[in-house]
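Q: Given the sequences, and given the hints that come with them, work out the whole structure.
Chains as they are written, first to last, in the working numbering: chain A, 740 to 905; chain B, 740 to 905.
Treat each hint with caution, since some may be false.
Note that identical chains are pooled: a pair holds if it fits in a single copy or bridges any two copies.
[Stated by the list, open to error] With a Cα cut of at most 27 Å, we get these calculated DSS-like pairs of lysine-lysine:
1) Lys-785 - Lys-865
2) Lys-865 - Lys-776
3) Lys-743 - Lys-785
4) Lys-865 - Lys-775
5) Lys-775 - Lys-785
The set of hints was computed from the structure by calculation and includes no laboratory data. As the structure is a computational prediction, the values presented were derived from the model and not from experiment.
Each chain, written out:
2 protein chains.
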Amino acid sequence: MDRKLLLLGLLRMQEMHGYQLNNYLDAFLAFCLDVKKPTAYYLLNKMHEDGWIAVEEQQEGNRPVRRIYSLTPEGEQAYQNLLRENLGSYAPVQFDSDIGLAFMDSLPESERNLLLAQRRAQLAQKLTEIEAVPEHPGNFQWMIEHQIRHLRAELAWLDEIITRFA
Amino acid sequence: MDRKLLLLGLLRMQEMHGYQLNNYLDAFLAFCLDVKKPTAYYLLNKMHEDGWIAVEEQQEGNRPVRRIYSLTPEGEQAYQNLLRENLGSYAPVQFDSDIGLAFMDSLPESERNLLLAQRRAQLAQKLTEIEAVPEHPGNFQWMIEHQIRHLRAELAWLDEIITRFA
DNA sequence: GTTTGATTAGTCAAATTTGACTAATCAAAA
DNA sequence: TTTTGATTAGTCAAATTTGACTAATCAAAC
Chain A
740 MDRKLLLLGL LRMQEMHGYQ LNNYLDAFLA FCLDVKKPTA YYLLNKMHED GWIAVEEQQE
800 GNRPVRRIYS LTPEGEQAYQ NLLRENLGSY APVQFDSDIG LAFMDSLPES ERNLLLAQRR
860 AQLAQKLTEI EAVPEHPGNF QWMIEHQIRH LRAELAWLDE IITRFA
Chain B
740 MDRKLLLLGL LRMQEMHGYQ LNNYLDAFLA FCLDVKKPTA YYLLNKMHED GWIAVEEQQE
800 GNRPVRRIYS LTPEGEQAYQ NLLRENLGSY APVQFDSDIG LAFMDSLPES ERNLLLAQRR
860 AQLAQKLTEI EAVPEHPGNF QWMIEHQIRH LRAELAWLDE IITRFA
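A: Structure representation (structure tokens):
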């Protein structure tokens, strides 16, 4: 549902064709949200079938056809509903990385430490990357800020684990 | 992959039948990990087909048959590989709740505040629940500790947002 | 006596997600 | 002049995940 909300919200800000949409997801939101291209098209089609999204074809010169997606009134209504649902509830997240931590004991100490160091490096890398992301349009800035805080907390937590086990 | 690691790790600690396994997931790990019953069976079957897991049937009286799942040597090897892969890398998490935050502007202030208060209540509730969870066997304790820290940070973040917008 | 709830096994169809792939046009680099 | 990379559109089969459901036994509550 949240992914639908995302697509509706983006198209509501500005109608777009699929390429633009996927490009935006890739270029600006990939740090925080992972929506693959076929997923986006799947959802666009579904919402089109449900009458939430209108499609208009445009041709420019001999280039491939552009399909502009935009919200219908039903889409606007759905957007409002999904938005309320999302805002009014807390969706817990899962830390799949913790599964490995739970079973660390089955590795020799030296290897465990090596792997954890590797994990730490990746985490730090990701943090550096996202801290370098420039200002973002609209309220997406918060998504980044949230992610940054989260990654900092994760790094601190991982360091604590590493220390406890060193 | 991580869910496979989880199941392998659990069966490695102690061989179990499906009911036991699902029960354990439900009763002890549901706070941190969400693995539904059909998913568990799907993975058990798959790993059985791949030769990672052995199944032995037991009958006790007239009760339905028990199928005890346990690791094969290949399963042990797979476990080692998955564990290394998991431990040595950082898997980023996604905050789907942030999607709503990004679009808050489209709601009237009063409703927005109401919904955010509702979200906060849910979050606080979840935190209370998990803080009340008793000691956990083995290293699963960390998963809980991690989740608690995370929820506290989330609560603080949400409060900050609410304040900024009040 | 009967109904409920725990124990044991799942299944099944449907929804969702993804990796890998195709196809055409045009601008710019080599 | 050829090749590469961006622009535009996706598709397709496969993997995964889930909600809703079935079926049998036994103990305990009512």
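Q: Against each hint, give a clear statement of whether it holds in the structure.
A: How the hints compare with the structure:
no.	hint	result
1	Lys-785 - Lys-865	neither (33 Å within a copy, 33 Å between copies)
2	Lys-865 - Lys-776	within (22 Å within a copy, 34 Å between copies)
3	Lys-743 - Lys-785	within (10 Å within a copy, 31 Å between copies)
4	Lys-865 - Lys-775	within (19 Å within a copy, 30 Å between copies)
5	Lys-775 - Lys-785	both (15 Å within a copy, 25 Å between copies)
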